[in-house]
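Generate the whole structure from the sequences, applying the supplied hints.
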Amino acid sequence: MYVAVKGGEKAIRNAHRLLAEVRRGDLGVPELSVAQIKEQMSLAVDRVMTEGSLYDRDLAALAIKQARGDLVEAIFLLRAFRTTLARFAISTPIDTSKMKAQRRISATYKDLPGGQVLGPTFDYTHRLLDFALMAEGEVPEVEKMDASDVAMPRVTDMLDHEGLIEREIVDDEAPIADLTREPLDFPAERNLRLQNLARGDEGFLLAMGYSTQRGYGNSHPFAGEIRMGEVEIEIVPEELGFAISIGDIFVTECEMVNQFKGSATEAPKFTRGYGLAFGEAERKAMAMALVDRAMRARELGEEIKAPAQDEEFVLYHSDNVEASGFVQHLKLPHYVDFQGDLEMVRNLRAEQKQTELKMAGE
Amino acid sequence: MNGKTAFDQPLTGFESPVHDAQRVFHGVMEAMSHPGKIVVLSDLPEAPEPLNRASAAICLSLVDFETPLWADAAVAASSQAMNHLKFHCGCPVTSAPKEARTALVSDASMLTSFDRFNIGSDERPDLSTTVIIQVARLSNEGGVQLSGPGIKTVNGLSVEGIGASFWDALKANAQLFPRGVDLILTSDDAIACLPRTTQVEV
Amino acid sequence: MTHNTSSDVTSIAPEAAQIAARQSWMALLARSQLQRLENAWADLDGKPEYAVLRAPETGMVMVRARAGGNGGQFNMGEMTVTRCAVRTQQGHLGHSYITGRDKRHAMLAAVFDALMQEPTHRKHIEARLLTPICEDLAQARNNVASKVAATRVDFFTLVRGND
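First to last, the sequence lines map onto chains A, D and F.
Mapping the first sequence onto our numbering, position 290 (from 1) lands on 290, and the numbers just tick up by one.
Mapping the second sequence onto our numbering, position 43 (from 1) lands on 43, and the numbers just tick up by one.
Mapping the third sequence onto our numbering, position 125 (from 1) lands on 125, and the numbers just tick up by one.
Quick caveat, the hints were computed from the structure, so don't treat them as lab data.
The structure displayed is predicted, hence computed values, not measured ones.
Here are the computed distance ranges between Cβ atoms for each label pair:
1) D:66 x A:299: 26 to 34 Å
2) A:175 x F:144: 36 to 44 Å
3) D:126 x A:328: 25 to 33 Å
4) F:39 x A:326: 49 to 57 Å
Derived BS3-like pairs (lysine-lysine); straight-line CA-CA distance at most 30 Å:
5) F:103 x A:100
6) A:144 x A:38
7) A:65 x F:103
Just so you have them, the derived chain A footprint on chain F, three or more residues with Cβ under 8 Å:
8) 24-31
9) 73-80
10) 90-98
11) 138-151
Note that the Cβ used here is the ideal one computed from N, Cα and C, for glycine as well.
Right, here's the structure in full:
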């Protein structure tokens, strides 16, 4: 029997008020401003923008404040907000080779044109808690050096000159899937997979990428190049009919270079995996590149036996808004379903008892 | 600067793009769910010739840069109408009716069949063209008898300014269900819809 | 998405040089600090009148990227964008598309785009607005680049015994 349950409005209202109070915390501690989150929690902001799939630093910072620092909740808030906005245009493809790089490293070549530029990295820090940050301290003076423009060619282009790496296929007439308009469909083309990975959960992709390194997917990756910095955004509005540059966004790009032993038809060479994320998101971009490469198994004629190579498994489970929704829906009232299950288990047990008694009697 | 004179510049669109577009959308929804019912869309902005106010407002509400628009010769010849639509909708304009998600027909007398538009597929009937047709007058007095989903018994609809074979073309369109085009007839600020589910008795 | 676009109905094809000039000032106006635009507007003698053709509105642009940086296209994610369009009394249309959600910025950028098409205003705006924006951008770029340059690795190889 279905029983409509009403009530709880008052409890819900009071719970939301309590949430607001708990969010604010101790009134003796100054309130955090959205600007402070934007400036000082910038990597959290970047993650929320990337997985929320909307580049807007202020909105991401607001979402983090509202979500009490729960980034998955903040990502959900940003995704919900984006559904209220109309789409004006699709940009022309960003050109990351023209990036104004603030970090650029390669694990494959030491002396590469443009050099290894570390930027503001956690690498080489000792991972010791810095108690000086407990006090409001001064920021050390930053060194400056002459910054005459240095060209930074892509590492993969250098391998390309030797013909040792597969070429990316450019087909600008090919249809480009859009997850925000059409649901997932299989087999998924690489463009659909990349869009899914770009908004995918960092933790999930990190674990999947890690699994490929540990032998589940047989990959031998090198970080060919990681770069982060600003790229220009250009659109062609229909009413103008020519391209205009509307601003710059900060992105992180990772190109993984993987060994490929060759097949019956293909000579041994290097293959590629690609990662791209909004803001500074090196771990995410690297993990994405590993998983992108693993999911190219079908196209490269590799045997599919590891979870990271299984596109249905990866693409269906990468989205943390979907995942969190489905896991958390278990909190919602299932009173009636559970009553049904309870009844069934009681009946089954009763039947079993009957059978046992009968057996004992015989 | 870019060759546009005041004469071919777009006119002002909705005063409040979000709310006005929602209002027009509601009107179209009302008309589409009660085929043949004449719905008057109020407070519409001026429209550039040869568009009437309802046609222009419906385009501003429904058409965007992801829905290609096809316009008949009379509309396409008006640079002001085309600039108006490109500016407010940001839509690509196509010369192939089958590629269009929305079509604008300002001269309904030339319309003899709907074959030239996209009728969708059995898997994706929603991809068919929505055809906006400008007519001289709409009235619920006399005319053809409409029946089908959204109509309690029958609805009368009389339309002035259409060709002789219009109703035959509409009957053929209804045969295609679930494929087929949906029509929005417009006259000044009044509209009536004829979705593919509607049966016509002349 | 590809479509056969019907031949452009506007009469004269805009000249490439004019378009290039407009592209470069639109790119600058989009990247300006709001205060620069406000100051330049305050400085303008006899405020030119304009009609708002499209009130500033915020929406999104889908950012496209390429696999491997130069391969097949894919949809990376969206960004907030605000646009506006105005018409000056002289009949020039000004457009703006800027990143983010600042409606005042979009409005002023559209107004200056229109005024730049009017010879009476162009020189003044170039000197008082566009040049300062250029300088701001160059300075900001140089500031970041010089700090980043200090983190460039200088490898040195230890001298081996046999050499």
